[in-house]
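Below, each chain spelled out in residue letters.
Number of protein chains: 2
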Amino acid sequence: MSNNIPTRFPDLAPKGPSGELLLAAERAKTSFDVKDLSRFMYTKKWLDKMTQITEVLESEPAFDKTNRYYQSREEKISTSLWKDRRLTELVKEQKWSETETQIANFLFDQSTPFTLHYNMFIPTLRTQTTDEQKKLFLEPALKHHIIGCYAQTELGHGSNVQGLETTATYIPETNEFEIHSPTLTSSKWWIGGLGKAATHAIVMARLITNGKDFGPHPFCVQIRSLQDHRPLKGITVGDIGPKFGFNTVDNGFIMFEHYRIPHVAFLAKYSKVKAGSGEYVKPPNAKLSYGTMVFVRANIVMGSRFALAKATTIAIRYSAVRQQFVDAANPRKWDNKIIETPVIDYTMQQYRLLPAVAATYAFFFTGREMLRLYDLNQEAMKNGNFDLLADLHASSSGLKSLTTTMAISSIEDCRRACGGHGYSNFSGLGQFYQDYLPNVTWEGDNYILTQQTSRYLLKTFRNVVAGKAVPSEYNQTITYLTQYLENPKAKCPATKPADFLNPELILSAFGFRAAYGIAQVAEQIDRHGRTWNSMLVEIARISKAHCQFVLVRNFIIGLQADASLSTPERRPISNVLKTLSALFALYTMEQELAEFLLPGYLSSEQTAMLKAQVISLLDEIRPNAVGLVDAFALPDYFLHSALGKYDGKVYEAMTQMAEREPLNHTQVVQGYEECIKPLISQVRPKVAGDRMVFSRLLPSYKKKSKWCRVFIHFWEFSVTPLI
Amino acid sequence: MSNNIPTRFPDLAPKGPSGELLLAAERAKTSFDVKDLSRFMYTKKWLDKMTQITEVLESEPAFDKTNRYYQSREEKISTSLWKDRRLTELVKEQKWSETETQIANFLFDQSTPFTLHYNMFIPTLRTQTTDEQKKLFLEPALKHHIIGCYAQTELGHGSNVQGLETTATYIPETNEFEIHSPTLTSSKWWIGGLGKAATHAIVMARLITNGKDFGPHPFCVQIRSLQDHRPLKGITVGDIGPKFGFNTVDNGFIMFEHYRIPHVAFLAKYSKVKAGSGEYVKPPNAKLSYGTMVFVRANIVMGSRFALAKATTIAIRYSAVRQQFVDAANPRKWDNKIIETPVIDYTMQQYRLLPAVAATYAFFFTGREMLRLYDLNQEAMKNGNFDLLADLHASSSGLKSLTTTMAISSIEDCRRACGGHGYSNFSGLGQFYQDYLPNVTWEGDNYILTQQTSRYLLKTFRNVVAGKAVPSEYNQTITYLTQYLENPKAKCPATKPADFLNPELILSAFGFRAAYGIAQVAEQIDRHGRTWNSMLVEIARISKAHCQFVLVRNFIIGLQADASLSTPERRPISNVLKTLSALFALYTMEQELAEFLLPGYLSSEQTAMLKAQVISLLDEIRPNAVGLVDAFALPDYFLHSALGKYDGKVYEAMTQMAEREPLNHTQVVQGYEECIKPLISQVRPKVAGDRMVFSRLLPSYKKKSKWCRVFIHFWEFSVTPLI
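Same order as they appear, the protein sequences are chains A and B. In this text, residue positions in the first sequence follow the UniProt record's numbering: the first is 1, and each later residue adds one. In this text, residue positions in the second sequence follow the UniProt record's numbering: the first is 1, and each later residue adds one.
Heads up, some of the hints might be wrong.
The list treats identical chains as interchangeable, and a pair is accepted whether it falls inside one copy or across any two copies.
To be verified - Listed next, the in silico DSSO-like pairs over lysine-lysine satisfying Cα-Cα at most 30 Å (straight line):
#: 1; residue 1: K677; residue 2: K134
#: 2; residue 1: K611; residue 2: K76
#: 3; residue 1: K677; residue 2: K135
#: 4; residue 1: K337; residue 2: K212
#: 5; residue 1: K677; residue 2: K95
#: 6; residue 1: K468; residue 2: K269
#: 7; residue 1: K489; residue 2: K611
#: 8; residue 1: K677; residue 2: K92
#: 9; residue 1: K233; residue 2: K649
#: 10; residue 1: K382; residue 2: K459
#: 11; residue 1: K468; residue 2: K611
#: 12; residue 1: K233; residue 2: K44
#: 13; residue 1: K233; residue 2: K677
#: 14; residue 1: K65; residue 2: K76
#: 15; residue 1: K611; residue 2: K491
FYI, nobody ran anything at the bench for these hints, they're computed from the structure. Given the structure is predicted, the values throughout are model-derived calculations rather than measurements.
So here's chain A without its partners, still in its complex pose (with noise of 0.2 Å):
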């Protein structure tokens, strides 16, 4: 009998009701149109396109995400680079826009080798270069004759990028500059596209021209031979290993040793370097480049609302899905007899998931206000007016700090939110906790980025003290904060847990609470002396109050001045919203307690009043639980969950994923013969059939000494009841 006996699951159901009827029901209930509220988030343009290109890429091998849970590092990295070539034929025969590649990469949601070629090296040189250097390197770029990576990072830094060691120093004799690693921490590290991909790296390096360091600057340096790809002489280059996530790119590390390259590739569209003098020519006014901050925060805002959707979309199907245990006060029926209560309708589970949900619509709005103040700003940047800038970099950066701690903390939640299938890979949300955590540390990281808001915050509370700053629309910092010193000690008004519910007082609340604390750690700074590291505890929370402050005025403002929600039709889908803007901006009040009961803003009465109106909310949304979700329109190929499946067949996905598990693909393991058939077989029993007869018994059962008790290890007894 062959080994090679592929393990199949026998031909029966789940135990009843079915996922397919209990979803059903689920969606019967929805009080709105949800393929509107689609509509409304992306437009139908968009989700045609979603459709048109989902439909493309479930037919390419190159794109078939059915092995992807199964994958070794090498058989990641290859799988990656097929998928990179072939996505520049299928741009090509596709006829696809840069919109429509970005929703390919988007539905495939797996970073490659030439993922930061598209996202890092060509806007790079779009932006940075001269006429000159366009032709010559982001002409070829465009065209894959050249794959380039973004190489700043060194293995001893990454936050502060003015201790970048890596030099270039002039040559003014041949006209080139020298590119030098002199310690082991100068290293380039973390090098996405670099390790194996790449032939080109924008290299940040320390410009010395003259005997003088002017600070990391950027050059475009070849890497590999366009012959044979191997690395050029006077390069070490190589992956940097295998990563908690993100394996599917060959993020590289590379040293320089006295590498000559031409004056050219220093990219000199703001600061220059002449030729043959070397002397060194200022960049125009820095500031510019906020805007574009400004930019890749409001998108990673945006990203990380796909982020949160994807979590919601699994972890709500499935806890419609998966019944545990009968709720005795109140029995969900079926057909008239009572079944397993849908852990959906247990309040805790709604908890943790509805208030997820509230956020995901959150962080739409607020990105898409970001973009519009992007557009605004760069629009008043161009008249040379700088008045918007500082406001809206400052929140980017908070902003970005919140929303995507928040996205990958929900994502853990709903992973153990679907109990110990959430563990399995066929979840689909391991390895996307694992891909997107790198969002908390990279493009500033989280901590670190909070001292920008907050010192921007005192310093407008400053301002305002002064009398230096007016209330303005495009400024909500200095009204929340001119309203605070009106009347510092403020009362929350409400009697009862419905006002809570209105807008007004919501935000005059999260206003208060911003400004309150932005007062206290400018009064311990300035007026008692304390160092700015010895407050980075309040610091990190004043900026987190402000971002939550703009989350929840984005989401209500957002709805009361979209004119599209107006309309009779949309009614329904306007409603869902404000319930969810209520639970978004209530719950994060409640999480947040200490901060609105410290300025005796809340009293205990009215906490109260908040956390019945929390519950009120999670009762009112739960019905339309599963449609919110349906609303974000991921399709299946895209979320690659057994627990997602829009058709809830939850537990026939399970089994035909197990089914592909390599592992099954044998009957009898490797390592058996050599391993465990030499310890079985120590005493050979007696066989009767293909079973155990002990007829070898030893005569007596000895009692084993009581476990150690000073030392057990930590999984020791960690059981089995998974789930």
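Using the hints provided, position chain B relative to the given structure of chain A.
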């Protein structure tokens, strides 16, 4: 030129001062005898054993960790089997006791296919079998003549054991049981060791005899042939596929098709089925098994201490080595030169890490106390006294929930506190997080467990109100509830920050806060008729509040009551532990601030004092940070972390581990010929030497359209600066 040239780093030193020097400077600052603190926690005997065993393992190829972070799933399973086999030999060769074997497993720090054989199969056979069954199953298991697992959880049921679907029907005609899986959801699932290794399983199945269903009972079932290891007829068995972590274990599924087993397979120590008649005989007092659960949970608490110890050791050491920015207000000097500040000097970093160090010690004292009470209770139960049991069992549920949730959250906090490099598997924290994670779900889901604790707390509250419960040394719950009811309007007496160091003040505060929460929930349920389900959020909160009281109390009382700490030589140790206990308590109080403010127990002035005291404690503990993690005595072999190395050679270790990355064993990546070469050679540039010369540039550069605003993939902008 061959492609198989492994990449090697140049022989350069990191930028100074080196990690070695920085850690040496830290160690010089330690105020206490590190080795003596280790002895206090582990005993000298245990430490000596660990050292001996570490030496043995480091020379054993089957226990080598060098390739751990690069392995595919199949390699993980295969190397795990080799370790399992070699361990059985080593135990004999080295004459290891059970404790010593556990130390070896602890040091190896990775579960394997045989883990559940030792931790569930054998213990179940020890406690649930008759003497006949011990001979039949336990003795061969101890000799590894059979390999077992524990099959309880099913695809559709985990938490709700009573909902299990697998049946075991007694067949009087043949005196057999017939095991059957009636539905797809009845498939056993998540069973460690079952996927590929086990020959036997303890199967929990609904006992049906004479037409009556008696619910889940344990059976010992052979599942694979002892001749060739193939699954026996009537059985479908395999691996459940890749998981978020724990991929060195073959968690499996199994389904039975009318599978017959002999009458003796029913584990009959407690309940019995009479042969022939099939009459069911009930088990004696079920309370006895609660004692075992307390023991298991006490060990999970002790285990969570090791999890925290590992994570904090890595993060603290690396934070002392890693330098970023110069703290202008207080620049760090080295040889009279300003150097970048080690990140551990930033208050935020201390706030993120030092409370986790304090929690590690807190878990130690609570684990120790739980084991002491377990012994007391076992003695008492033998004499028919069940007084201790209820409180102990209830607290153990909530403590398992709280400590594992805290541990997993701290592991991730520590990982993030290591910046970008925390995301590398070489940090030792990524895979560790993944492998520890099941602890929050198994042995009782952490949310569900809180209900057990709270049910007891509410019952006790009602008893105290009714005058039916009196305070005792062994029941602190009754004590704090009684105190609260005597003065439900109590206020915190602190008038200056240092007052918060008073142990009595701390304990009163935690007791009051727990009691207040319990009283509120009791009122909602008993007076206002709220359902249990609608109160689940608050129910989880009171369990947490109670368990935080227990953790704080055990730490404080443990220090006061331990005679071995009262010697003059141990004064410095006792002092630093007292400081840690204060930090643990006050940091917890700050995290849970709302619950101390809500009842008016703490004022906002007192809160300011509390916060100031926390910062001041961080400052006090800071010089001992490295000493306190060194005292955990975790060898480098155990940590297997580039960032946590005892010698501080962080960057050397990172590069050495990167050299081992399989992708770096060839110069040109697999897939280059098929995926990269066809792209970059579409236009063949003229080549001068090995460099590209752009001689065929296209005439003009066309600006591409703006990137789509409505929609951007969420790591489209995820950029390099990872650290």
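Verification of the hints:
1. When the C-alpha separation of K677 and K134 is checked against a cutoff of 30 Å, the pair qualifies only between copies, where the shortest distance is 23 Å, while the shortest distance within a copy is 66 Å.
2. When the C-alpha separation of K611 and K76 is checked against a cutoff of 30 Å, the pair qualifies neither within a copy, at 47 Å, nor between copies, at 48 Å.
3. Taking the shortest Cα distances, K677 and K135 sit within 30 Å of each other only across copies (21 Å), while inside one copy they are farther apart (66 Å).
4. Taking the shortest alpha-carbon separations for K337 and K212, only the inter-copy value of 20 Å comes in at or below 30 Å, while the best intra-copy value is 83 Å.
5. When the C-alpha separation of K677 and K95 is checked against a cutoff of 30 Å, the pair qualifies only between copies, where the shortest distance is 23 Å, while the shortest distance within a copy is 59 Å.
6. In this assembly of identical chains, K468 and K269 lie within 30 Å of each other by CA distance neither inside one copy nor across copies; the values are 37 Å within and 82 Å between.
7. Taking CA atoms no more than 30 Å apart as the test, K489 paired with K611 passes in both settings, with 23 Å inside one copy and 22 Å between copies.
8. In this assembly of identical chains, K677 and K92 lie within 30 Å of each other by CA distance solely across copies; the values are 18 Å between and 56 Å within a copy.
9. In this assembly of identical chains, the alpha carbons of K233 and K649 lie at most 30 Å apart only when taken from different copies (28 Å versus 56 Å within one copy).
10. When the C-alpha separation of K382 and K459 is checked against a cutoff of 30 Å, the pair qualifies only within one copy, where the shortest distance is 25 Å, while the shortest distance between copies is 69 Å.
11. Taking the closest pair of Cα atoms, K468 and K611 never come within 30 Å of each other, the shortest separation being 39 Å inside a single copy and 32 Å across copies.
12. In this homomeric assembly, K233 and K44 never come within 30 Å of each other (Cα to Cα): the closest approach is 53 Å inside a single copy and 55 Å across copies.
13. Only between protomers do K233 and K677 lie at most 30 Å apart by alpha-carbon distance; the minimum there is 20 Å, versus 52 Å within a single protomer.
14. With identical chains, the CA atoms of K65 and K76 are at most 30 Å apart both within one copy (11 Å) and between copies (23 Å).
15. For the identical chains of this complex, K611 and K491 are neighbours both inside a copy (18 Å) and across copies (24 Å), given an alpha-carbon limit of 30 Å.
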